[in-house]
Amino acid sequence: MNSRVTTLIALCLLLLSCGTGRAEEYVWSFDRGADALHWKALNASPEVTAAGFSLVRRDEPFWFVSPQNLNISPGLSYAEFRLKAPETYLRGYLIVKTRDARSWDEEFTLGLPDTYHVYRINIQKDNKTGSPIDAIAFSFGGVDRVYIDYVKIYEPSPVQLIAVYWGEFWSVPFASPSTVNFIETPLIGDYPFVAPLYVLLLVVALCMVALHRPVARQSVVKSLILACVVAGLLFAFRMDYGWYMQWRADGSSLGQRSVDERISRVDGTGAYDFAQSLKRIVPPGATVRIYAGTLQGKAGILEGKVRYYLLPVKVSETARYIAVFKDPAVSYDPAKKSLSRNHEIVARDIELVTSLGKEGFLYRSSEGGHP
Amino acid sequence: MTIMMLAYALAVPATTGFLFVTWCTGSEAGPGALERLVLGFGIGTGMITFETFLLGLVRIPLSSSVIASLQIATAILLGYLLYRSGTPWRRLFGPAAAGSDSSFASAKHLERIVILVLTAWVIAKVLFVLYEGFTLPEHTSDSWEQWSSGAKFFFYEKGLALDSGNEHFFGAGYLKVPRYPLNVPLMQVWVSLCIGEANEVYMKIWNSLFFICMIGLLFLTLRKKTSLMIAILASFFLSTVPLLTYHALVAYADLPLSFYALCAMVSFWDTIDALGSGRVGRARGLLVLMGTFAALCVWTKMEGLFFAAAFSASLGLYCLVKKIPVKQAMVFFAPPALVTVPWYVFLHSINVPVSYGEVGQLGTTIAKGIHFQVLPVIAEQVLFSANFNLIFLFLTLLVIAGYRRIVASNLVYLYAALLSVMAMFLVLYLGSETYRWVLNLTAVNRNILTFIPMSYYVAALTAGRILAGEAPPTADLGK
Numbered sequence: 058m059n060s061r062v063t064t065l066i067a068l069c070l071l072l073l074s075c076g077t078g079r080a081e082e083y084v085w086s087f088d089r090g091a092d093a094l095h096w097k098a099l100n101a102s103p104e105v106t107a108a109g110f111s112l113v114r115r116d117e118p119f120w121f122v123s124p125q126n127l128n129i130s131p132g133l134s135y136a137e138f139r140l141k142a143p144e145t146y147l148r149g150y151l152i153v154k155t156r157d158a159r160s161w162d163e164e165f166t167l168g169l170p171d172t173y174h175v176y177r178i179n180i181q182k183d184n185k186t187g188s189p190i191d192a193i194a195f196s197f198g199g200v201d202r203v204y205i206d207y208v209k210i211y212e213p214s215p216v217q218l219i220a221v222y223w224g225e226f227w228s229v230p231f232a233s234p235s236t237v238n239f240i241e242t243p244l245i246g247d248y249p250f251v252a253p254l255y256v257l258l259l260v261v262a263l264c265m266v267a268l269h270r271p272v273a274r275q276s277v278v279k280s281l282i283l284a285c286v287v288a289g290l291l292f293a294f295r296m297d298y299g300w301y302m303q304w305r306a307d308g309s310s311l312g313q314r315s316v317d318e319r320i321s322r323v324d325g326t327g328a329y330d331f332a333q334s335l336k337r338i339v340p341p342g343a344t345v346r347i348y349a350g351t352l353q354g355k356a357g358i359l360e361g362k363v364r365y366y367l368l369p370v371k372v373s374e375t376a377r378y379i380a381v382f383k384d385p386a387v388s389y390d391p392a393k394k395s396l397s398r399n400h401e402i403v404a405r406d407i408e409l410v411t412s413l414g415k416e417g418f419l420y421r422s423s424e425g426g427h428p
Numbered sequence: 030m031t032i033m034m035l036a037y038a039l040a041v042p043a044t045t046g047f048l049f050v051t052w053c054t055g056s057e058a059g060p061g062a063l064e065r066l067v068l069g070f071g072i073g074t075g076m077i078t079f080e081t082f083l084l085g086l087v088r089i090p091l092s093s094s095v096i097a098s099l100q101i102a103t104a105i106l107l108g109y110l111l112y113r114s115g116t117p118w119r120r121l122f123g124p125a126a127a128g129s130d131s132s133f134a135s136a137k138h139l140e141r142i143v144i145l146v147l148t149a150w151v152i153a154k155v156l157f158v159l160y161e162g163f164t165l166p167e168h169t170s171d172s173w174e175q176w177s178s179g180a181k182f183f184f185y186e187k188g189l190a191l192d193s194g195n196e197h198f199f200g201a202g203y204l205k206v207p208r209y210p211l212n213v214p215l216m217q218v219w220v221s222l223c224i225g226e227a228n229e230v231y232m233k234i235w236n237s238l239f240f241i242c243m244i245g246l247l248f249l250t251l252r253k254k255t256s257l258m259i260a261i262l263a264s265f266f267l268s269t270v271p272l273l274t275y276h277a278l279v280a281y282a283d284l285p286l287s288f289y290a291l292c293a294m295v296s297f298w299d300t301i302d303a304l305g306s307g308r309v310g311r312a313r314g315l316l317v318l319m320g321t322f323a324a325l326c327v328w329t330k331m332e333g334l335f336f337a338a339a340f341s342a343s344l345g346l347y348c349l350v351k352k353i354p355v356k357q358a359m360v361f362f363a364p365p366a367l368v369t370v371p372w373y374v375f376l377h378s379i380n381v382p383v384s385y386g387e388v389g390q391l392g393t394t395i396a397k398g399i400h401f402q403v404l405p406v407i408a409e410q411v412l413f414s415a416n417f418n419l420i421f422l423f424l425t426l427l428v429i430a431g432y433r434r435i436v437a438s439n440l441v442y443l444y445a446a447l448l449s450v451m452a453m454f455l456v457l458y459l460g461s462e463t464y465r466w467v468l469n470l471t472a473v474n475r476n477i478l479t480f481i482p483m484s485y486y487v488a489a490l491t492a493g494r495i496l497a498g499e500a501p502p503t504a505d506l507g508k
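The listed protein sequences derive, respectively, from chains A and B. According to the working numbering, the stretch in the first sequence is residues 58 to 428, in order. According to the working numbering, the stretch in the second sequence is residues 30 to 508, in order.
Honestly, I wouldn't trust all of these hints.
Example chain A residues on the side facing chain B (calculated, C-beta under 10 angstroms, incomplete) [stated by the list, open to error]:
(1) M265
(2) V277
(3) Y301
(4) L368
DSS-like cross-link-like pairs, simulated, lysine-lysine; straight-line CA separation at most 27 angstroms [claimed, not checked]:
(5) A/K97 x A/K209
(6) A/K336 x B/K205
(7) A/K336 x B/K187
(8) A/K209 x A/K154
(9) B/K253 x A/K279
(10) B/K187 x A/K371
(11) B/K254 x A/K371
(12) B/K254 x B/K137
(13) A/K141 x A/K97
(14) A/K355 x B/K205
(15) B/K137 x A/K279
(16) A/K279 x B/K254
Here are a few chain A residues that sit away from chain B, every Cβ distance over 10 angstroms (derived from the structure) [said to hold, decoys possible]:
(17) E144
(18) Q217
(19) K371
For the record, the hints were derived by calculation from the structure and aren't laboratory data. Beta carbons are placed, not taken as given, at the ideal position from N, Cα and C, and that holds for glycine.
Put together the whole structure using the sequences plus the hints.
If you want it as structure tokens, here you go:
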């Protein structure tokens with residue numbers, strides 16, 4: 058055995074010994090029902106079936122809360138969990154609470170539907186005070202059921218950390234509302250992956266220059282251009298992998314559905330379904346007034362969506378038909394036949410035409426200029 | 030039936046535009062049929078939307094037959110003009126005059142493999158964009174709010190709702206920002222009129238098609254000007270620009286603007302080529318083409334004014350340096366004037382204030398202080414984000430390495446146009462309240478996106494010259 062092979066074997070052994078890392082401090086395996094008993098489900102029912110442990114939504118959103126007083130030391134940086142959901146694009150949240158009563162959340166995008174995915178999140182990243190972590194909780198919205206296999210909190214060894222970085226690098230955040238403004242940059246550790254590409258570019262350029270000795274201006278320039286091409290190819294490979302995953306996600310979530318179903322799914326707020334129902338009820342030529350609540354704290358978006366999806370039925374401030382969608386500020390008084398918004402009467406002498414789901418209502422007023 | 034009508038909606042502007050480009054480029058050897066089709070698709074689309082706007086102004090109810098009849102009349106007129114000019118059929122559908130070193134057969138073995146792999150990759154990307162384009166409905170909020178809501182309203186209204194008694198005068202309540210040019214909304218109206226419904230998927234198919242046209246145009250034009258390898262590399266890298274890919278799936282106006290800007294740049298380079306070789310007649314046609322694309326930039330987004338100004342300035346500089354009578358270049362200004370004047374007069378007549386964001390406060394803000402805090406954000410976005418591939422680093426290296434060659438050649442005028450656009454955006458961010466859009470990343474990357482295809486084009490031309498090891502500068506001076 059020559060010395061190179063010996064060195065290689067020694068290096069491999071060294072890496073393997075590094076890979077064990079510190080003992081995992083907290084592990085909950087939910088396929089064994091007992092561990093699930095220590096966690097608390099809010100707005101959801103835990104269920105153990107042959108397919109595994111799952112949380113079934115009862116209300117929106119729902120949480121899965123760890124035991125309290127965990128006292129996780131700041132040295133344990135990563136939470137790793139394996140879960141699957143029948144939906145994708147949606148964001149899940151891991152909420153972290155510290156002993157000094159601070160809390161923050163880390164979001165993650167649900168991967169391809171109906172397949173288990175492993176997620177790893179650095180739970181200490183925002184722990185500014187270094188206080189021990191008291192509890193963690195998962196929060197989900199827009200999904201009926203989530204299967205959870207295990208959760209563990211641990212400090213990865215250097216080799217494990219490389220695996221974590223590798224996993225993070227290839228994890229694909231699906232398109233979200235902000236994607237139109239910027240594409241989320243894959244990270245390697247805390248650095249954008251473009252930074253190592255620049256280093257690689259330089260290395261490749263230097264190697265090429267070395268290969269094309271004697272060094273001349275033209276060969277240096279050519280080497281730089283070729284190095285840029287190589288780095289650009291790697292960039293393209295990683296980013297187009299993201300589009301490949303997006304294609305798979307869209308194919309499984311939208312591909313086989315009708316246009317109506319697709320719009321309803323990408324809308325995600327119920328505004329489209331509400332508007333479609335309204336269009337079936339409101340007589341031809343009639344106009345509608347809309348009162349809608351906020352979406353993620355922003356006023357006007359839901360109303361705008363209903364208004365948009367409602368076309369060709371137009372909106373008018375003086376319409377007799379009044380549509381109320383997800384607006385807790387609106388209340389109907391059947392006795393006085395009035396509709397108030399923020400305690401101010403906005404329409405009198407009205408009647409409820411119909412309820413559309415839990416949060417949608419259509420009223421008709423005898424007032425108003427339009428039919 | 031819907032798909033057939035959709036095909037009709039795309040074929041009408043493509044045909045008219047194709048004939049217009051053929052007429053502009055003249056009967057001499059010029060761009061091939063495919064390149065003219067790609068350019069013509071953009072122009073035809075703009076023609077249709079502007080015509081729809083004019084019809085709306087004179088209160089003629091919008092219908093696919095009325096709009097198409099005008100387009101068909103235009104196509105017949107262009108056909109007649111081409112016949113009169115003696116353009117042979119061979120030329121009408123013929124390929125481009127082959128550029129040097131552009132044949133696959135003459136490539137080395139390794140090069141062939143690389144070309145095949147990259148071609149397959151680009152085709153896969155195009156298929157992805159088409160699949161998503163035909164699958165995804167409108168979904169991003171700005172997309173439907175700014176561009177599709179007004180389109181849907183105009184479609185159902187069968188006009189621009191310009192009766193003063195109308196509660197929704199000029200789309201009020203639906204057209205979120207009335208000062209935004211109508212090219213994108215009216216593209217959606219045209220498709221909807223053709224297929225008979227405001228279909229949330231097909232309405233926004235334009236962006237996917239513009240994306241494909243852009244990749245195709247870059248390849249076809251660079252193949253003539255550089256080598257096959259550079260053409261395929263440039264098209265490949267443009268197709269992998271992540272932000273551009275995403276914009277091909279939505280209905281924002283940034284991608285159409287970037288397409289028109291690229292077309293204007295390509296026409297500018299052809300114009301310089303024609304002027305340099307003394308083909309004044311051909312140059313005049315190309316100037317019309319360039320001016321039309323500059324006009325369509327203005328007709329697509331308010332930022333389009335920056336592009337029109339940049340191309341005007343760069344053309345002016347070229348005429349000044351080359352001592353070409355400005356009269357010769359005046360034809361460039363006709364299309365932008367034809368589009369800009371009616372649009373802004375109309376906005377003025379209905380009391381819509383015209384300003385770019387809060388640019389009205391430019392002077393006041395500069396007096397308060399320049400927003401230098403945007404600089405590190407912009408630097409980070411162009412150099413370390415995953416939005417644009419490595420084009421900015423690449424372009425910088427090329428400028429450093431080929432500075433003398435660029436300055437001494439006509440490439441400098443392309444750089445002048447590109448840098449002018451960049452500079453105008455920068456001044457806007459530094460000197461106005463729009464700096465907030467940089468800090469919260471809502472607009473900066475989309476604005477940069479509008480000149481990304483131009484950057485790839487200029488970079489490929491520069492790289493082509495450097496790699497070919499052309500003896501500079503003096504040989505190029507005469508062109």
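**OP:** Below or equal to 27 angstroms on CA atoms is what counts here, so check A/K336 against B/K205.
**Re:** holds, 23 angstroms
Subject >> Hint consistency between A/K97 and A/K209 [alpha-carbon to alpha-carbon, up to 27 angstroms] >> reply: The given pair, whose Cα atoms are some 16 angstroms apart, holds under the 27 angstroms limit.
Original post:
Under the criterion that the straight-line Cα-Cα distance not exceed 27 angstroms, is the pair A/K336, B/K187 satisfied?
Top reply: Within the cut-off at roughly 20 angstroms; holds.
**OP:** Starting from B/K137, check that the Cα of A/K279 is at most 27 angstroms away, please.
**Re:** Given that 27 angstroms is the threshold and the Cα spacing comes to 18 angstroms, the pair holds.
Original post:
Taken at face value, is the distance from the CA of A/K154 to the CA of A/K209 at most 27 angstroms?
Top reply: The hint holds at about 16 angstroms.
Original post:
Taken at face value, is the distance from the CA of B/K254 to the CA of A/K279 at most 27 angstroms?
Top reply: holds, 19 angstroms
Original post:
Quick one, are A/K355 and B/K205 close enough, alpha carbons at most 27 angstroms?
Top reply: holds, 17 angstroms
Original post:
Would the pair B/K254 and B/K137 pass a check requiring their Cα atoms to be no farther apart than 27 angstroms?
Top reply: holds, 20 angstroms
Subject >> Non-interface label on A/Q217, tested against every C-beta of chain B at 10 angstroms >> reply: Non-interface label stands for A/Q217: nearest chain B Cβ at 26 angstroms, farther than 10 angstroms.
**OP:** Against chain B, does A/K371 hold up as non-interface, every C-beta pair farther apart than 10 angstroms?
**Re:** Non-interface label on A/K371 violated, nearest chain B Cβ at 7 angstroms vs cutoff 10 angstroms.
Subject >> Hint check: 10 angstroms Cβ-Cβ cutoff, A/V277 to chain B >> reply: holds, 8 angstroms
**OP:** May I ask you to test the interface hint for A/Y301 with respect to chain B, counting a Cβ-Cβ separation under 10 angstroms as satisfied?
**Re:** Holds, because the Cβ-Cβ distance from A/Y301 to chain B comes to roughly 8 angstroms (cut-off 10 angstroms).
Against the hints set out earlier in the document, violations occur for numbers 1, 11 and 19.
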